[in-house]
Amino acid sequence: MTATPGATPTIVLVGHGMVGQRFLEALAERGLTATHRVVVLCEEPRPAYDRVQLTSYFSGRTAEELSVTDMGFITAHGIELHVGDPAVTVDREARKVTARSGLVVGYDVLVLATGSSPFVPPVPNRDAAGCFVYRTIEDLLAIEEYARTRAATGAVVGGGLLGLEAAGALKGLGLASHIVEFAPRLMPVQVDEGGGAALLRTVEEMGLSVHTGVGTQEIVVDEGGAVTGMRLSDGSELATDMVVFSAGVRPRDQLARDCGLKVGERGGVTVDEQCRTVSDPRVFAIGECARAADGRVYGLVAPGYEQAETAAAAIAGDEAAFTGADLSTKLKLLGVDVASFGDAHGTAEGCLDVVYSDSRAGLYKKLVIGRDGTLLGGILVGDAEAYGTLRALTGSVPPVSPESLVLPAGAGQGARLGPSALPDEAVICSCHNVTKGAVRGAVTEHRCTTVPEVQKCTRAGTGCGSCVKVLGQLVTAELEASGVAVDKGLCGCFARTREELYEIVLALRLTSYRELLDRYGREGARGGDGCEVCKPAVASIIASLAPAIGASGYVLDGEQAALQDSNDHFLANLQRNGSYSVVPRIPGGEIAPEKLIVIGEVARDFGLYTKITGGQRIDMFGARVEQLPLIWARLVDAGFESGHAYGKSLRTVKSCVGRTWCRYGVQDSVRMAIDLELRYRGLRSPHKLKSAVSGCARECAEAQSKDFGVIATSSGWNLYVGGNGGATPRHADLLAQDLSDAELVRLIDRFLMFYIRTADRLERTATWLERIPGGLDHVRDVVVHDSLGICDELEALMRAHVAHYRDEWAATVDDPEKLARFVSFVNAPDTPDPVVAFVPERDQIKPDLQLLSIGPRPADDVLEGSAQR
Amino acid sequence: MTLAPETTDLLVQLRLADGWFTVCALHRLVPGRGIAALLPDGRQVAVFRDRADRLYAIDNRDPFGGAAVLSRGLTGTHRGRPFVASPLLKQRFDLETGQCLDDESVRVTAYRVRGV
Ligand code: SRM
Ligand SMILES: Cc1cc2nc3c(=O)[nH]c(=O)nc-3n(C[C@H](O)[C@H](O)[C@H](O)COP(=O)(O)OP(=O)(O)OC[C@H]3O[C@@H](n4cnc5c(N)ncnc54)[C@H](O)[C@@H]3O)c2cc1C
Ligand code: SF4
Ligand code: FES
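Chains as they are written, first to last, in the numbering used here: chain A, 1 to 869; chain B, 1 to 116.
With the rest of the complex left out, here is chain A:
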């Protein structure tokens, strides 16, 4: 760009959002910050932050962690950043920008990166107290404050990508949440009708109420002017305490309009392929405020970054052009797998769809394939596992048939395409336009050995985060290929896996965690106190193997007491206010009236809240720590024992009524369920174990969603393994058919002990089965055909467990020394914890605790911490 002779030429950037910051980095990379004065006017009270990850604020990321601005970078490049001082006018004649503070800056080049603002439909009372938008950190702070102090129910207007994210956030704040969407389906832009149906199912299962095909007509308010509900276009009224508008965005082009720059019909500063405004060669527009040369206003960050690079190149006099971009997206909302990429709606001429849909399972996968077999785009709902790979393959002919790419794995010909199938040019991270070749280069040339290092080096994975999974696979594959050992250690204290530690404990009959840590821990961890990851994991290994290695089978004995998770330490589940829940075992869900009465009496006498659980038993909530022994003394007396609701161990074996009562039943499912529950009770394992027995193929006990499920046949039992409900449901696989009682028990003994031996910590059987090499076939070889010759040992281990089982609560109430720990205060054993308080609700009680809404620390993949029941 030409400069005023004599003076340092000045670049003024208006708007310091994600794209603005990227533009500054591009300027620096091209050396322009050295030759130019760079002035930035930033409207928000803080420099650029990661808006894409905004919602993660609710899961514990702080405003500081969201920042994408390195102040060191700003000062090092002499950038004049004016925070909290927006531009108010531009005088193009005089080439001057005036800021709200009165600051006037002359420019040689002006770059507009003002982003967009949320669109709020013009409905009556849209400004009422309790109405919000979802765009900035300040918006989130306001929403959080209102949700905490004044709302129990929230509604989001708009069922698009952001609307779903906002609704998920409201739910995370503890509100009953509604989504109101005018279109007939959710995410109308990204998914088609079939995808919308599958998505609806998943979203509703998460506990969000969805209202599609209705518009918002009016916000209803009370005398004080605060929101109480909304009137919908079908005449109904939805009661809600707050409303978040998320009905799309509009480019912030007012500044441009006011100074006479051309804007598009539907808004957006009109620019050419160099991102220069068509009206003024000295003015550029980038990001969400710009209407690109292809006539579109892009609402995603990746195209904005590309525009930032393009504008910087143009200013430097280099060649670059922005002609259009891909609109791939993946929903970041926890628990919903939705992704769309490329030409998702199949707009290209002559293209074909390949669709796999299973609405019962909430699955919908569609690929759009060109005439010549090129993958053009697709939609994935319910299982977006393949997103990273498929997106990267877009534009090429996949190496396997498209049909096999959408079929679920296990459905015969379903193929899994790993990232190794991708060519080097394939774009892995579309936010930062990083190719597979660049990722490999980071490992081989720049010697990165971890995903965070590769992220820092290439920027891949630091945008929306949807490519991180593929990135991890690639980095591991590349490291392994170059002979670098990948750290698969259990935690910061142990470089070994759980499986290796299990083998060490078994082979050396080690019964002490300290000894294990001091001999087999990482160098720096030896002699230390371990951590919250390895202590319970090792405690679990020792407990699983207790009889075989000569350890005490009682988890509160000696050193073991110090290792147990907090719940196991008190043999009860900790509740949010510091009280505990009590769950006695009710094998097979069968309970005599006398015992039911005891539960009722105990709950009444101790003022506990009672609920029938999803596991066919009864949970009593709200016990103070000092009440636990008193409660259990009565329960043990009446013949109850621990239900291990707190342990990583067998939970319940659910059962239908079976042949005894049911006209269809072919076996006695209740008896079998009770037998199995009593056999495996108290067995500590890598994660919890659930089971069920159904009396016939109608499957009323839902056995196929269990870690091991049993279904009666006319000649015996079918055994299914690896089922899971929870966050990532999986149907169990058939392991063996028509087994006799003895054969069934023998196979389950072997299966469980093999799982306990080889699984990772907090790995349910479903994940384990998917992970271990050879999968189900391998497990069948080992436990049915004894291919490793270890079945005798596995059975012996289980026999030892069964022989040594003793109820932990009976052992505890008999031991005065153990009982001493059940006090709120060591120095005031008779004083209850005053924080544990209750208020009435629906004839019972609930915790009375002012909720603080800072979420958990961003955890690993496992639902850890919640992982108690």
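Hints were generated in silico from the structure; no laboratory data involved.
Please note: incorrect hints may appear among the correct ones.
Think about it this way: if two alpha-carbon atoms lie no more than 20 Å apart in a straight line, the pair counts; the simulated EDC-like pairs of lysine to aspartate or glutamate are [to be verified]:
{"hint": "1", "chain 1": "A", "residue 1": "K818", "chain 2": "A", "residue 2": "D830"}
{"hint": "2", "chain 1": "B", "residue 1": "K90", "chain 2": "A", "residue 2": "D605"}
{"hint": "3", "chain 1": "A", "residue 1": "K488", "chain 2": "A", "residue 2": "E144"}
{"hint": "4", "chain 1": "A", "residue 1": "K171", "chain 2": "A", "residue 2": "E144"}
{"hint": "5", "chain 1": "B", "residue 1": "K90", "chain 2": "A", "residue 2": "D830"}
{"hint": "6", "chain 1": "A", "residue 1": "K595", "chain 2": "A", "residue 2": "D605"}
Please build the complex by placing chain B with the ligands on the supplied structure of chain A, with the hints as guidance.
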């Protein structure tokens, strides 16, 4: 605060504004676990003992969840520093300073503690 007591008949004491306050006998503390105590002004403190018998004390209330349960968390060592992980949502707190290791902006009170 740290100190290595030598015998087991010791008392655990906390430093409060007006002097040392006796909490309990040392043997009530299991190495690697904590215990809660009530202070005269109604506040609660979580006292810990590590495997080397060093003692620590921080406020018992989890600043994230609100419940008074930090004494029931699992302890460990992170980069050479002792910590407790809250049993609620697992945020970790440095036992010597009370600083939350997972959120710079959060810190709980730490007390000086000794065995006498
Ligand atoms: C009480 C109960 C809900 C109810 O009122 O019905 C319940 C309550 C909890 N569940 Fe559950 N789950 C209960 C049945 C289930 C079921 C249904 C079932 O077992 O048939 C499932 C889905 C089936 C499955 O596990 O495959 C279920 C899937 C989960 C999960 C997700 C597991 C997964 O593999 O994805 C967790 C989190 C975890 O364990 O990591 C969880 C965790 C929890 C925790 C322990 C969360 C926590 O850490 O505090 C809850 C404890 C409440 C408390 O404080 O006491 N709960 N939970 C049910 C107790 C059953 C019982 O009698 O033991
Ligand atoms: C909750 C949420 C989730 C999202 N998820 C995704 C996703 O998964 N993937 C994706 O690609 N995109 C996502 N986006 C969109 C993405 O955040 C935007 O595309 C991106 O932030 C656009 O960057 P920008 O710099 O153009 O605009 P912005 O980030 O909005 O920055 C513009 C800045 O300019 C400031 N400004 C405006 N006018 C002036 C003025 N006159 N003077 C000075 N400053 C001014 C504004 O205050 C703002 O700070 C999401 C957005 C939100 C809100
Ligand atoms: S699974 Fe079969 S036997 Fe059991 S209750 Fe249902 S229909 Fe009856
Ligand atoms: S694709 Fe968004 S961070 Fe990589």
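**Report entry** Violated constraints from the hint list, given by number and in increasing order
**Finding:** Numbers 2, 3, 5, in rising order.
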